[in-house]
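Given next are the chains, with one letter for each unit.
Protein chains: 2
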Amino acid sequence: MADDALFQFLHNEVIQYVYKSAENGEMENGRCITKLESMGFRVGQGLIERFTKDTARFKDELDIMKFICKDFWTSVFKKQIDNLRTNHQGIYVLQDNKFRLLTQLSAGKQYLEYAPKYLAFTCGLVRGGLSNLGVKSIVTAEVSVMPACKFQVMIQK
Amino acid sequence: MADDALFQFLHNEVIQYVYKSAENGEMENGRCITKLESMGFRVGQGLIERFTKDTARFKDELDIMKFICKDFWTSVFKKQIDNLRTNHQGIYVLQDNKFRLLTQLSAGKQYLEYAPKYLAFTCGLVRGGLSNLGVKSIVTAEVSVMPACKFQVMIQK
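Read top to bottom, the protein sequences are chains D and S.
Sequential numbering from 1 applies to the first sequence in the UniProt record's numbering.
Sequential numbering from 1 applies to the second sequence in the UniProt record's numbering.
If we strip away everything but chain D, and leave its shape as in the complex, we get (with noise of 0.2 Å):
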């Protein structure tokens, strides 16, 4: 728990200070979404590397979703994902019913417009690990009622 609360006070933090930038003109406020996203790239792909130093080869690609859903999201975020779908034709949608960076935000509608900058880093860590194994994608969050999120995961060949 410890632990878990280090990671969500430095998210926080950094969010923070990369909006602040913006506010200062130093950076457009637009490009906030993308830093936040490129970071969460970087640490994706250092902790991919981590988690996969012992587990044996993946059969495919929906093995490696699997992967992506259980064990690297049970280390993250302390939980699974609840659902994973997918159409079978590249794209899966992960939820989470209960996305950890969102349950400190009030769920109230009035904050839903928040919500995209608290899920940047995710996406950028889901691409950054799928990408240290080989899969090129484009991962994008919705959330409809907060703090369930899903994530969407569309696979470029």
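Because the hints were derived from the structure by calculation, they are not lab data.
Don't take every hint at face value.
The list cannot tell twin chains apart, which means a pair is met if one copy fits it or any two copies do.
With a straight-line Cα cutoff of 30 Å, these simulated DSS-like cross-link-like pairs (lysine-lysine) come out [unchecked claim]:
| # | residue 1 | residue 2 |
| --- | --- | --- |
| 1 | Lys53 | Lys79 |
| 2 | Lys109 | Lys59 |
| 3 | Lys136 | Lys59 |
| 4 | Lys78 | Lys53 |
| 5 | Lys98 | Lys20 |
| 6 | Lys109 | Lys157 |
| 7 | Lys20 | Lys59 |
Once you've looked at the hints, dock chain S against the given chain D.
Just chain S, lined up with the frame of chain D:
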């Protein structure tokens, strides 16, 4: 271990990001350390609140410092401070013989100059933690041989 990696990777990203902003002329280089320190300060404030939620009231200043060296340090860095010394006049020296945020760096002398940026966040972390326990302080760090590190805490009356 996984968690720990998450914190380390994110910490590295934060350092890189803060220093990159400086390179682009958005901020003078000298302010980077301050930036990192103040991020650490706020994270330390948050963490200490969680950690002390169920602890007994502290007897005195030394009792607080012992808590920082044992419980706080273990939660964040997975080990205790190896040595705590004090002059009983408000100066404490916390020595960590294998400081986790320096272990990724090569122990060669030529990298000694890069150590300060890996210590600023932690200095803030300690200062923030102490601050929320009602102890105002100045925290500095010193490295002579990596990865050993000494944190000096000067209590402000």
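Structure versus earlier hints, numbers of those that do not hold, lowest first: 2, 6, 7
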